[in-house]
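K.L.:
Work the whole structure out from these sequences, hints included.
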Amino acid sequence: MALMKVRKLKKDIPKEAKALCEQMLKDLERAKRPTLEAIKCSLDNSFYNPKVGYLTPGDKRVRTELNVSSVQKLSRTIFMLDILLENIYNGSVNTKRELYYMAKGLVKSTRGINLKPLDFDDQPESDAIIDFICDMLMVYREEVNCFANDRGGQTYSQCLSVTETLPDGSKTTVDLKNLGTAPFQPKNRPQALKLKATKKIEFCLVVESEGTANTLVSNGFTRRNNCIVMGAQGVPSNAVRAWCKTIQDQLKVPIFFFGDLDAYTLQNIYRTLKAGSAASLVRNSDFSAPEVRFLGVLPEDVKKYDLHCYTVSEKNASDARSLKKARDVLQNDPFFKDKKNKDVAKILNWLIKHKVRCEQQAFFSVNPKDPLMTEKIILDKIRSGSYV
Amino acid sequence: MANQIKSSSTAEYFAKNLQQVGFSSPLKAVLTTLKEAVDNSLDACEEHDILPELIIEINKKGKGSSRSSDLVEIIVEDNGPGLEVDMVGKVFGEYLASSKFGRGQCSRGQQGIGISAATTWAQLTNASGVVVTTKTKKMRKAVRAKVDVDIKSNRGVIKQKETFDWHKDHGVRCEFIIDGRIQLNGDGGILTYLEGTTLVNPHLTLKYKLLENDWVEIPRVSDEVPKVPKPTLPHPHTMKLGEFMTHAHIYGKISLDKFLKKGFSRVTDNSIKDFVKRGMPQAYLKKNLNKMSEKEFKNVFSAIQDSELPNPSTKSVLTVGEEALSKSVLRIGVVDFFSVVTRKPKICDYKPIVVEVAIARFLDRGRDAEDKQIQLLRFANRVPLQFDKAGCAITKAVESINWRSYGLAQSKNSLPIGPYIIAVAVTSPFIKFKNASKETIDASDELVEELRRALMQAGQKLGRHIKREEKAADLERKLAHIEKFGPILVEGLAKIIGAGEQRKKRAEEGLKKLLGRDTSAAEDDLAAAEQRLKKQREMQRQRLGFDARQLIEESSVNEEVSVNAGDEPEEAPTSKKATSKKATSKKTTAKKSTKKATKKVAKKATKKKTVAKKATKKSAAKAKKKSNKKVTKKKATKKAARAKK
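Chains V and L, in that order, are what the protein sequence lines are.
Per our numbering, the first sequence starts with residue 3, numbered consecutively.
Per our numbering, the second sequence starts with residue 449, numbered consecutively.
For the record, the hints were derived by calculation from the structure and aren't laboratory data.
Misleading hints may appear alongside valid ones.
Unchecked claim - Calculated pairs, DSS-like style, for lysine-lysine (alpha carbon to alpha carbon, straight line, at most 30 Å):
id, chain 1, residue 1, chain 2, residue 2
1, V, Lys201, V, Lys173
2, L, Lys655, L, Lys616
3, L, Lys961, V, Lys20
4, L, Lys655, V, Lys75
5, L, Lys860, V, Lys326
Said to hold, decoys possible - Beta-carbon label-pair distances, calculated as ranges:
id, chain 1, residue 1, chain 2, residue 2, range
6, L, Lys943, V, Lys106, 17 to 23 Å
7, V, Asp121, L, Leu927, 19 to 25 Å
8, L, Lys953, V, Asn334, 49 to 55 Å
9, L, Asp819, V, Lys106, 29 to 35 Å
10, L, Ala976, V, Lys106, 39 to 45 Å
11, L, Leu927, V, Gly60, 48 to 54 Å
12, V, Pro52, L, Ser862, 49 to 55 Å
13, L, Lys953, V, Val95, 34 to 40 Å
14, L, Ala976, V, Lys344, 51 to 57 Å
15, V, Arg32, L, Leu927, 19 to 25 Å
16, V, Ser315, L, Tyr798, 49 to 55 Å
Heads up, the beta-carbon is just placed ideally off N, CA and C, and yes, glycines get one too.
P.N.:
Next comes the structure, spelled out in structure tokens:
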């Protein structure tokens, strides 16, 4: 059964995996130390390329050479690779949690050779091995049939239809207009979906809080405007990131991110949505939407609408940590250091200087009697170009 | 107004302020009474060059007179020189009657307060003082009498005097019945006290029976009675003006220069010249002391204080010694390894002081001990300090050290964690205590620094042991890894590419070679760690004639022998011996198991050595067994003779 593809992958994963194992076995036969190499996924190996608009990996590699200390990791890698290859051959799909239990089951059931030393004590151990395999083969987890239970990405629109090609080759189309108040939520491989605008779509609004997105839609935001509204539900999951990228690439509409004015939102949510993250360097090209703009809350909105702010105190341990992290990010994160994103860096500097934070829901305080006030402000901001 | 002012006796003062001398609670009362009696016995034995043999018995006699207390009987019997009958009242019933006061010697007792305070406590809580039995060599019969403190006149009153035949040639037995509470374990426990006393008195043989428990006997490990050094002359810099003048008047009619040279240590002709330079008129030197005025004394004193003098002599301090301490530490439990350090005497705050440290890891402290703080045993002039730990200089010094670098777990600024005992002994003729009950040593910077140095030295020795253990564990882990993962890795690779049996076999051999190289690197590390440890042991052996490991092994062999000796049919098994036999057999098995554990790790070469060592030990053990048999036979005949009498 052929699965939907994330991208046009030129690699044959089973063939690559076999070649790797062949090399390892050959090395062992010659009493030579086999090594496994993977891209180093960390901030010190991340580069922001303004032309492509996302974080790309540098030359640094994580090299694991077989020795007494690493023999456990390598044995576990080969063991998990075998399970994943089986999945690819069978066309079956599993989550990381399921793979963890499958590994446990195999350790228990295998007769003859004692696999007990490979047993994972907890899921993070098996997750790390799966990630290592993906980084090593330079593939996405979805390409080795390991799917995530992605949250977020609830999408509302009156002018969007989505066509999905199912594993058996048949196609199904969902017109979001027909879903009523229920959202459409993409899963796993949004890149494989085909989008079509039934009317001209003016913009796509990604709202940090899924609750606020739902409020806007319930109040008729999507009925009055030819747009797409999406709830990000915090730090964007792979599905949300890929879904944004798909909307950006296929519909070519401006995408605006509407979230809190605080360091966490800028560093972790907006940056990840726009340029990917250091932990996912291998997949940023397909899981980031560089065209996304930050609509607010902006520092100027705080003044203009006299929004309520919370103070961020150096005395509070968690606040002090977040301020320290913000200063760190300005110095070390290639995204914030790049000229192209100087406006976002400016906001971060403003936050550090003024030591405040303002939530997106603060717009509801502008005119509490008018339920459409937030919608009006958002539209006004888009029209007037009040975003960065 | 004048009619209202009354003078009261010393005894009256202490009777009202017994909390100041260690009787602040029923718990402390029992321990302080025991401590004072034991201190006196040990001091008396040492003074007369007798190897001390103490018998201690503590029993509950019923309900105490006050709430939440019991009536506790404390009996301490020694083999010391004994007390003349005239002295009994003075010693047990009179405050500040002491042969040791202000002598400047490292004796346990100093002021002559403690035992009289215990008698007072007995009198106050049980309406009866102490019952003392005494016999000196000169006395034909022993004397038993009750001693009470006459609080109004600060005198000991002897009552119910009787004479009788005693089995001892000489010695003292005191029996207190007081209100108190008995705690055996923990910081303020009696067992902890006895353990500590045993540790710093290797020449002591101790027999004790606590409550319903059986008799326990801890034999001595040293046959040398410590020679308490004679006091040295006072150092001028340690005196105050008043003391200086009183000291001068003791010397009487001699001239000042003679007095300075005779009456003080570290004062030479050159120092006197220096005093003159610093403002002491030359004319004073030949002046008679009795003719000198207060002003002139003041002049002399300030010139002396302004001039520099060599530090006081350190000859007056006493040490337990590394050898004795090493042997003694093995008496208090099943020790895995230990390190001892005796520092050279040093001057701290113008007083000679010596610090000794023993760190030992115990195997018989139970699993809980792994996660608990170490047991800190503090000693001042060989007396265990058991209360008010936090304010003590010793605790401060231990807490200030980073024990993690020596391989021990430790939270910041607190005692390290693990089944260890850290024993720290401070000995000095002038220990600065924080209070009259002598529970805490005052923490001066100089003293804490000296303590830290001793602790760090001991910690380094301990660290080498732990490092070697870690390396051995690392090697073991690596060996286990090869066995575990090698076949799995090859099997996995072969499965994915469909390789045949031959390739698998070749790969497995290759893998063994590869991992073998890693193991040999770990073996090298272990060998290096062992080399360092060996060097340390060699140095110790050169200095003391033995090393820690050797001592531990010897002690376990001795115990095996004593167990075998106990099995002999001709030995009449008294209740005392039966207990000590049981205890030792338990210890031996525990030690055997540790040995097994260490053996697992050790290399083949070391195994061979141990086999060779064991062979020699066995032959030594046989010889000892024979001699032990003789000793036990002698003991049996002695006992029979006593029974006949």
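K.L.:
Each of the hints needs a verdict: does it hold here or not?
P.N.:
So, going through the hints one by one against the coordinates:
1. Taking the CA atoms of Lys201/V and Lys173/V, the gap is about 22 Å. The hint holds against a cut of 30 Å.
2. The suggested pairing of Lys655/L with Lys616/L holds, with an alpha-carbon distance near 16 Å, which does not exceed 30 Å.
3. For the proposed pair Lys961/L and Lys20/V, the alpha carbon gap of about 24 Å is at most 30 Å, so the pair holds.
4. As the CA atoms of Lys655/L and Lys75/V are separated by approximately 59 Å, the hinted pair breaks the 30 Å bound.
5. Using a Cα cut-off of 30 Å, the hinted pair Lys860/L and Lys326/V holds, with the two alpha carbons roughly 25 Å apart.
6. Checked against the hint of 17 to 23 Å, the C-beta distance between Lys943/L and Lys106/V comes to roughly 19 Å, which is consistent with it.
7. Checked against the given bound of 19 to 25 Å, the beta carbons of Asp121/V and Leu927/L, roughly 20 Å apart, stay inside it.
8. Here the CB-CB span from Lys953/L to Asn334/V is close to 51 Å, well matched to the stated 49 to 55 Å.
9. For Asp819/L paired with Lys106/V, a C-beta distance near 30 Å keeps the hint of 29 to 35 Å intact.
10. Here the CB-CB span from Ala976/L to Lys106/V is close to 41 Å, well matched to the stated 39 to 45 Å.
11. Take Leu927/L and Gly60/V: their Cβ atoms lie about 39 Å apart, and the range 48 to 54 Å is violated.
12. Evaluation of the 49 to 55 Å hint for Pro52/V and Ser862/L yields a pass: the beta carbon distance comes to about 53 Å.
13. In this structure the hint that Lys953/L and Val95/V lie 34 to 40 Å apart at CB holds, the actual value being about 37 Å.
14. Checked against the hint of 51 to 57 Å, the C-beta distance between Ala976/L and Lys344/V comes to roughly 56 Å, which is consistent with it.
15. One distance hint, 19 to 25 Å for the beta-carbon pair Arg32/V and Leu927/L, holds here, with the actual separation near 23 Å.
16. Between Ser315/V and Tyr798/L the beta carbon distance is about 52 Å. The supplied range of 49 to 55 Å therefore holds.
The earlier numbered hints that this structure contradicts are 4 and 11.
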